[in-house]
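Trainee: We have chain S already, so just place chain Z on it with the hints.
Chains as they are written, first to last, in our numbering: chain S, 1 to 102; chain Z, 1 to 476.
Careful: at least some of the hints might be erroneous.
A few chain S residues facing chain Z, derived, Cβ under 10 Å [as the list claims (entries may be wrong)]: (1) 8; (2) 17; (3) 25; (4) 42; (5) 43; (6) 55; (7) 61; (8) 90; (9) 91; (10) 93; (11) 100.
Just so you know, these hints were derived from the structure itself, not from any lab.
No experiment lies behind these values; they were computed from the predicted model shown.
Glycine included, C-beta positions come from ideal geometry on N, C-alpha and C.
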Amino acid sequence: MKITPEQVRYVANLGNLRLNDDEIAALAKDMDELLVYMEKLNEIDTSGVEPMAQVLYEAEETATLREDVERPERKFDSATATANSALAAQGYFKVPKVIDRQ
Amino acid sequence: MNIATLTIPQIKQDLAARKYSATELAQAALAFAQSENPKTNAYLHFCSERALAAAAAVDAKLARGEDPGELGGVPIAVKDVIVTKGVRTTCASKLLENYIPPYDATAVVRLEQAGAVILGKANCDEFAMGSSNENSAFGPVRNPVALDRVPGGSSGGSAAVVAQGTAVASLGSDTGGSIRQPASFCGVVGVTPTYGRVSRYGLVAFASSLDHIGPFSRTVSDSATLLKVMAGRDDQDATSAPAPVPDYHAAMTGDVRGMKIGLPKEYFKDLESESGAIIGRAVDTLKKLGCEVVDISLPTTDYAIACYYIICTAEASSNLARYDGVRYTTRSAAANSLPEMYRNTRGEGFGRECKRRIMLGTYVLSHGYYDAYYLKAQRVRALIAKDFSDAFAQVDAIVAPVSPFPAFKLGEKMADPLQMYLSDIYTITGDLAGIPCMSVPAGNTADGLPVGMQILTKHFDEAGMFRLAHAYEQNR
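Bound conformation, chain S alone (with noise of 0.2 Å):
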């Protein structure tokens, strides 16, 4: 496997991350080394092995469930929700333009 610039882009785009020429360099020869490294796992066989997604401990299936019931003290007003927000106003959160028309 060779990562390229090109593909760390790709991902950096997916993951919402702009980087400069420095970090994608950088990167391309970290992500190689490491991914090179992880491919270890394919000496091993895990055919028939049910993949583990959680840590789980005996329990009633609804043991997680508690009634829908409103909670006040629990409750946020949008003041509070919105405060540590950079940009907010009237309980909003503000945002660039997201459609720009022509």
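Mentor: Chain Z only, in chain S's frame:
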């Protein structure tokens, strides 16, 4: 009072005897921590007002003759990836430099309800990603034992404050060894409980299927006290377990005769000889205490690092998607459109290691690679977990090193990410299997660098783990 050596039982006794008040203790602890902190950079910021208010509440209870709680007046630090209402929580990232959470983590709520006094927030690797604390956007932490060396990571600040004496105990988080490795490097006790034992509500997510909150302290008993207070089902975290929380201290009898200990051969082959000799002496002590020691094998160990760095980066790339400049503080000024704003904010805000992991995680989850990497890693994870369940059919506990080597020098491993990742070999397996594991100090190298012994037990058997750790600690 000597703040640097206080323990929870000592504070309980001193407060009851009116040797000092909780307020006096909090004031003294804050002053000491603030004057000592420049040496290590272990605290990112202090929350004096909140600490003094908590201490005043403890004093008021004492004055009324009420029980101030199991942690009444105990000064602690909280890793800065665990949210604290009204107190800045940065995750050691520029992206969250000014984030003031509107709620408290469940672990924090429970500790404060038991009387704990939070002095401040501990430094760490950015979003808990790293093994040396050198990835903090606010400067690395220095190891209080040897200031030219790293404290370990990612909970480097949490380990350092306990070793330095600027907190009696602390909270860290562990995804691949981020509690045990710094505990080992700084010579303190660090505990990663069973996955689901402590609610993750309010722990800023890195890799959700692997993240744990756990305590640091100077004694095994103090960590058991913190865990007991935090443990148990929480409705805010669907993965928190309903299993009952036993009395850990009742298990710490000092009697470990007949306990069967497994030494996994895979954990001793790449071990530096001096660390190996220290663990060897610790195992001799366990034998003298009446433990039966047998050799075991955990055959999938060699694949653990590849497995872990696929799963954790995949989960991280997803969890870190929320830092888009819209909801959380820092936003790039240079953007004409929404996608450009996302990209610039993230490109300017994340440090090198976070970018590396977002990229790797995005790659392994991307179209055409999902089965080959992510699904394959999840299958290997199942085999690693099976290694442990097979082993625990034969033994009561597993004893192993925490790290292949003691604390290394600042800058020594930063240039080579694969070498840094490989240093996590003995700790990531416990996280992948979700079993309880801890580091207990086992001695120092000739250079005076601490080495920790790791103890691992089966799911929810923290009591057995503490029983062995405590017996060892008393006879070390």
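Trainee: Are the hints correct? Go through all of them and say.
Mentor: Comparing the hints with the structure gives:
1. 8: holds (7 Å)
2. 17: Hint on residue 17 of chain S: holds, closest Cβ of chain Z at ~5 Å, below 10 Å.
3. 25: Violated - the Cβ of residue 25 of chain S stays beyond 10 Å from chain Z, reaching only about 13 Å at its closest.
4. 42: Result: holds, 8 Å to nearest chain Z Cβ.
5. 43: Since chain Z brings a Cβ to about 8 Å from residue 43 of chain S, closer than 10 Å, the hint holds.
6. 55: Given a least distance of 3 Å, the restraint on residue 55 of chain S holds.
7. 61: violated (12 Å)
8. 90: violated (16 Å)
9. 91: violated (13 Å)
10. 93: holds (5 Å)
11. 100: holds (7 Å)
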